[in-house]
Each structure stands twice: as structure tokens, then as C-alpha cells.
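Line by line, the protein sequences are chains C and L. Just so you know, the numbering used here puts the end of the first sequence at 872, numbered straight through with nothing missing. Just so you know, the numbering used here puts the end of the second sequence at 1578, numbered straight through with nothing missing.
Heads up, some of the hints might be wrong.
DMTMM-like mimics (lysine to aspartate or glutamate), calculated; alpha carbons at most 20 angstroms apart, straight line [what the hints assert, rightly or not]:
1. L:LYS1565 with C:ASP815
2. L:LYS1565 with C:GLU826
3. C:LYS836 with C:ASP814
4. C:LYS802 with L:GLU1552
5. L:LYS1565 with C:ASP814
6. C:LYS836 with C:GLU772
7. C:LYS836 with C:ASP821
Pair by pair, the computed Cβ-Cβ distance ranges are [to be verified]:
8. L:LYS1522 with C:SER776: 44 to 52 angstroms
9. L:ALA1465 with C:LEU854: 25 to 33 angstroms
10. C:LEU854 with L:GLU1528: 21 to 29 angstroms
11. L:ASN1505 with C:GLU772: 22 to 30 angstroms
12. C:LEU854 with L:PRO1543: 29 to 37 angstroms
13. C:ARG822 with L:ALA1465: 18 to 26 angstroms
14. C:LYS841 with L:ALA1481: 42 to 50 angstroms
15. C:ALA788 with L:ALA1465: 21 to 29 angstroms
16. L:LYS1522 with C:ALA788: 23 to 31 angstroms
17. L:ASN1577 with C:GLU772: 35 to 43 angstroms
18. L:THR1541 with C:LYS773: 40 to 48 angstroms
If you only want the chain L side, here are some residues facing chain C, beta carbon under 10 angstroms, derived [unchecked claim]:
19. GLN1506
20. LYS1513
21. LEU1566
It is worth saying that the hints were derived from the structure and are not from the lab. Keep in mind that this is a model prediction, so the values were computed, not measured. Virtual Cβ for every residue (Gly too), placed ideally from N, Cα, C.
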Amino acid sequence: EAGVAQSPRYKIIEKRQSVAFWCNPISGHATLYWYQQILGQGPKLLIQFQNNGVVDDSQLPKDRFSAERLKGVDSTLKIQPAKLEDSAVYLCASSLRDNGTPLHFGNGTRLTVT
Amino acid sequence: AQSVTQLGSHVSVSEGALVLLRCNYSSSVPPYLFWYVQYPNQGLQLLLKYTTGATLVKGINGFEAEFKKSETSFHLTKPSAHMSDAAEYFCAVSEGLGAQKLVFGQGTRLTINP
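I would like the entire structure built from these sequences, with the hints used as guidance.
Laid out in C-alpha cells, this is it:
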């Protein structure tokens, strides 16, 4: 089966600019997650979708970050405006259901904010 | 609240030697425990998971981990290291069925010396 697809792989922007990341989960996976992985740290959950509804966005900085999953398939994560501390790898993951089934991760988008 | 502590941000072993990566967790309910591996510029890949039942869990690539409730530990081992095992390893915890919100440790970088 095809894996989780993410684009772009790399992005460099200046602070205060905006940026968007795209994720296409594995076909049929109802649950989609966005994680932020800062260098030297483990991934931190930003937002979890079940189909096209938000299950958990408690750690999403909503003043600058937004995410959507229209039609319950693809998802986009946006940052506007970006700050230096947003430099990180943004990982998308999907799972068949939200019940302990394994997460499948994409290769991530590495964001550098200068 | 759940948390994960990985002892040692860097571990170095010789090829053929025992690999031991330490993980301790805290959770208010019986946990689900996971080990993920991340190769450079890639997403995370599930190595193994503990949900219920047998406390010794076997995973891919010859890795295994033992859940010890009394010690709140879930250490990862492999009897004989291979050069291809060099990667970053993450321990993660979630609070069981219906709660797929993973909390990751900070990671342990494993280096294999020839």
C-alpha cells in the first residue's frame, strides 16, 4: 500500500511569512495526526482528526496555526505568521481507527524560519 | 498526565554487542507502550507495541521490549547490534483504547561502531 505522502519535503521562509503543508494519508485511514518535531526532541501532537472532524487540538497554537481536513481525506496545516521557534519537522501520520491501531508516518516537512 | 523519559540521549555500541535503550513512563491508567525508529530524513516506523497480555513483546529487526509494571519501564533490547540499526529511537505511551494520543520521549540516538 502507498504510504503517507507529505509535501513539500523542505521549506525555508522568513519570520512573519506564511507557509502551508500538505498531507495525503493512507487510503481508508480515518484518523489523521499532525506532529511537530523540534530538533533533539520527540514529536509533539498538534492536532488529531477523525474523518473531517477535530478530535484534539489542545496543543495547537491557534493564534498562528490552523489545520483542516476537508472531505476527510487530505489535510493541510498552515502557519501564519511564522516565528523562529516554529523551525521543526512537521510530521503527518494516519491510522485506520482511533483504537490502538498503529500510526503510519510520512517523511515529514522540514521547516526553517530565518 | 502521561510522560515518557528515555535515559541517555546518545548510546554507542559495537557491532555485535547488546543494544539496551531505556524507557520509563508515567501513566494514571494501564498504558499502551510503543517503540518507534526514525532513520535520517524519514518518518517514524513502528518497531513494536505493548497493549495487553504477554509482557515480553517481539518486534521487527530482532528487537524486543519487556513491560515491567512494577518498574514502570519498557526497555528496548537487541542481542546483537548491526550497522543498519543506527538511527533515532523513540519510546511512546498512550492511555489505551480510544486514546491514540501518543506522548513521545525525547529520543535516543543509537550509534554502531564497526
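Outcome of the hint check:
1. L:LYS1565 with C:ASP815: Holds, at about 11 angstroms.
2. L:LYS1565 with C:GLU826: holds, 18 angstroms
3. C:LYS836 with C:ASP814: holds, 17 angstroms
4. C:LYS802 with L:GLU1552: With Cα atoms ~16 angstroms apart, C:LYS802 and L:GLU1552 stay inside 20 angstroms; holds.
5. L:LYS1565 with C:ASP814: holds, 8 angstroms
6. C:LYS836 with C:GLU772: holds, 15 angstroms
7. C:LYS836 with C:ASP821: holds, 11 angstroms
8. L:LYS1522 with C:SER776: 44 to 52 angstroms: At roughly 46 angstroms between Cβ atoms, C:SER776 and L:LYS1522 fall inside 44 to 52 angstroms, so the hint holds.
9. L:ALA1465 with C:LEU854: 25 to 33 angstroms: holds, 27 angstroms
10. C:LEU854 with L:GLU1528: 21 to 29 angstroms: holds, 25 angstroms
11. L:ASN1505 with C:GLU772: 22 to 30 angstroms: Given a distance of about 23 angstroms, which is inside 22 to 30 angstroms, the answer is holds.
12. C:LEU854 with L:PRO1543: 29 to 37 angstroms: holds, 32 angstroms
13. C:ARG822 with L:ALA1465: 18 to 26 angstroms: The hinted range 18 to 26 angstroms holds for C:ARG822 and L:ALA1465, with Cβ atoms some 25 angstroms apart.
14. C:LYS841 with L:ALA1481: 42 to 50 angstroms: This hint holds: roughly 43 angstroms between Cβ atoms.
15. C:ALA788 with L:ALA1465: 21 to 29 angstroms: holds, 26 angstroms
16. L:LYS1522 with C:ALA788: 23 to 31 angstroms: Between L:LYS1522 and C:ALA788, where Cβ atoms are some 28 angstroms apart, the hint holds.
17. L:ASN1577 with C:GLU772: 35 to 43 angstroms: With a Cβ separation near 41 angstroms, L:ASN1577 and C:GLU772 satisfy 35 to 43 angstroms, so the hint holds.
18. L:THR1541 with C:LYS773: 40 to 48 angstroms: holds, 44 angstroms
19. GLN1506: holds, 5 angstroms
20. LYS1513: Since the shortest Cβ distance to chain C is 7 angstroms, the answer is holds.
21. LEU1566: holds, 7 angstroms
In summary, this structure violates none of the numbered hints.
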